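Asks: Going down the list, the sequences are from chains A and B.
Position one of the first sequence corresponds to residue 1 (this note's numbering), numbered consecutively onward.
Position one of the second sequence corresponds to residue 1001 (this note's numbering), numbered consecutively onward.
Treat the hints with caution; some may be incorrect.
Restraint-style ranges between C-beta atoms, simulated for each label pair [to be verified]: (1) B:Gly1402 with A:Val250: 50 to 60 Å; (2) A:Leu31 with B:Met1037: 29 to 39 Å; (3) B:His1262 with A:Arg188: 49 to 59 Å; (4) A:Val250 with B:Glu1265: 28 to 38 Å; (5) A:Val18 with B:Gly1402: 53 to 63 Å.
No lab work stands behind these hints: they were computed from the structure.
Being a predicted model, the structure only gives us computed values, none of them experimental.
Backbone N, C-alpha and C define an ideal beta-carbon position, used for all residues, glycine too.
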Amino acid sequence: MTEIKHIKTSLLIGLPIVIGVIIFIVVSMFLNLTREETRFEELALGKETKIYRAMYQDVLVHCSELTDGAMCLDGWKQRGGHPVTLWLGNSQLHAINQMKSGDVNSVQLLYDKLTKSDNDLLAFSEPNASLQEHYVLFEYLKSRLPIRTLLLPAVFDDTRENGLRDGLIPALHELPVMDELSKTKIGREILTENKSVKDTGDMAGLNDTPQKVVESAITDWLTEHWSLWDTRSAMRGQLYNSLYLWRNSVFGINAQSKRKIIPGRYVKNLAALKSILQSCAEQKINVILYIVPLRNDVEPPYVTKEYVSFKKDVELLSSEYGAVFADIEGLVPGELWGRKDATSINGEAELDFMHFQAGGHRLLAETMFELLQANHFLSDSQ
Amino acid sequence: MIFNSVSFLIFLALVVPLYWSLPRTPRLWLIFLSSIMFYGFWRVEFIPLMLFSTLVDYTAARAIDTSTQLSRKRLILTISISINLGLLFYFKYLYFFVDNAIDALSIFGLQIDKPVLDIILPLGISFYTFQTISYTVDVYRGFIRPEKNFVLYASYVTFFPQLIAGPILRAKEVIHQFLHRPSFNIVDFGNGVRWVLYGLFLKVVLADNLAPLVDDGFAQSVLSLSAIDVWTLAFLFGFQIYFDFSAYSHIAIGSARMMGIHFPENFHYPYLAHSPREFWRRWHISLSSWIRDYLYLPLAGVSVQDRSTGGLAVAAQDSRDNPKRNLLLVLFLTWAIMGLWHGANWTFVLWGIYHATFITLYRFAAPLAKSWIEWRTKLIGWAITLPIVMLSWVPFRAENIGDALAMWKKVFMWQEYSWLGMRENTYLVMAIILLSVIVGYFVRKWYVRTAENYGVTNIIFRVALESIIFAVIIGLVFVFLRPIQQFIYFQF
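Modelling step: build the complete structure from the supplied sequences, incorporating the hints.
Replies: Here's what the structure looks like:
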């Protein structure tokens, strides 16, 4: 009797684990067979939108941040190292909705126009780049480039961002950048909050230990010999994406949902903007500060009162520091915008409020060129 | 060696079968050597330090036992404790002490440059030091006889599942288990596997995914945080540290159980405690029990317990029987030391004093609720205790005292409740976890009761349900298993 009870207990303890392992193997093999290749870049932007980075003679003039920034800076030196117009931005600058063969972005178009008159242009853009990030990047580039004019977009969505991405943190260790940031309150906050690059690699917990060698050898072997193991990172990405889609489905969030201001972040980003403008004023760098194009055929995804107040804040700052302010919110007509992938489970494609088609890029480049010309921000040889 | 790694799972898969296939003496050697190897996977150069500490107490305990004079026994005990605490002081507190001493001298106009001390904190030193101290003290008190077999004793100190972050065990609880050479038991083994899986799930799926949210929040300037943000971060870190530390304990208990060695539980749904005192009966039980027996009760001058269970809550009751000293003072001193044990920073002292304050307040307040209906007392008690406990994590995680106090201050400023400083997801994650922990507890309670009531007739349902749960756990552990973060308690 006791033995039967023991066998039953053993089964109750062990069987679910064994069956659990079998279920997991079967399900994961099935998923692995039916899995479509996931491109996470596309997940963020949507399949309708492609990335374009401007180039001149196969050398980048449009980079993302420090990692590829050296290529842009080398190219600028090769072209003579003349005073340059610097264009900072977010994904609006490097993404083209419904991109067709031969389409280029506004940076490429403006660059082509400026080179005709011996003016140089460099652009740096990153998805969701906050004004704090622009501030750090600007100070970094200012210590390396003779910047004649800064083209700076004011994007309401990006005031909801905070912190620095890892790729920008090495800039904080450069003396000229540290000196400049130390002059402002927000700069000092940025320095304190981002002392070091946090290692977020898969082996971060094993740094400086002999276990790292063993663990790397084992995982390398597993990656090579077990296809399922190799797909773990993609599976993690899929899981996070599914959670994002579920969240949106449950709470009814889509591209048109109102994105409210996050006061703490808003204050920090506006402080960063103020510091950029202050720094430009001290260095006699021209600034064109513009409210980015927003699709105007539908209601914008912002609380009107907050958005209007944001535009007003930006305009006030630009006038305080003598920057040229341009509200080009309505520049790109509705037909030149596009759609993006659904952001909820089984949802339909949604309106894209940030990325326009090549036609929109043409309009943006022309407007920037006109503003540069009208304000005499181009070199005399023009 | 870090538990949340493939190398540990392979290590375990090699050691456990080998352990069961060996007779008693080689089995002890296996435990000892595999534990040394386990430690060496972190840093080989600190193995001699750990062995030295082990050897000191092995020798001291034997010397105490053979001594006939009480004064001599006391002298040996003092030397042993001094060596142990001296090592702990050098590796963990020297920089803190020098730093504060120089700051203090500067008040009197004496300016000294702060030295750059390159001292690495040996992993697990706070844990194995407490374990070896408890052994020698227990021998001195006559609770146990000293162990003559060095390998047996060293296996107790260095036993790999508990070496780095506990539970802090008493020799009496473990040595006899090694000595009896338990025979293989499939139920123990299966339960051990379950504990390891639960632990890995808590660590790699929950704690490691909460870490970026917590790190981002605490990296923000306090000025950019609202009162709601402070609450959210306190709760999020509270959950992160609970998942992280209880994960370690789960894996430790599970690994030992796979080898037929039983450890007591170190956590028992601490966030469902309905009083600050009860919280310490449910949280890091082995540490608070150690503090009770080797610090609080001796300081209070009352008789000690002899087990790593019960926590400080037991002491709070017992010490009132016949205290020789000012209990309130002893309580605060104990908690300050317990805080400092966690790390060389005043933030931890503040954390300890905060808990001491609420335990004291509870002592005064508890009699007032005696006449209330039990469920109502428990519900109100829980609703008060949970936020109090969660707020205690603010100094535990904050960079410095200034930040901790500034964050606490926000909680009492009504205007700070009118805005938010973090992304919406942060609040959502916190709310989901809080809800899941509460619902999870009651579902589990219901499930266990139902399973007991229906017994064998329900066996198919039970196996099917648990199989699905394990398929999900195994799947998520497979996807997320990577040593991306150490366990939080490794830094203590």
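Asks: For each hint, tell me whether it holds in the structure or not.
Replies: Here is how each hint holds up against the structure:
no.	hint	result
1	B:Gly1402 with A:Val250: 50 to 60 Å	violated (40 Å)
2	A:Leu31 with B:Met1037: 29 to 39 Å	holds (37 Å)
3	B:His1262 with A:Arg188: 49 to 59 Å	holds (54 Å)
4	A:Val250 with B:Glu1265: 28 to 38 Å	holds (35 Å)
5	A:Val18 with B:Gly1402: 53 to 63 Å	holds (54 Å)
The structure does not agree with numbered hint 1 stated previously, though it agrees with all others.
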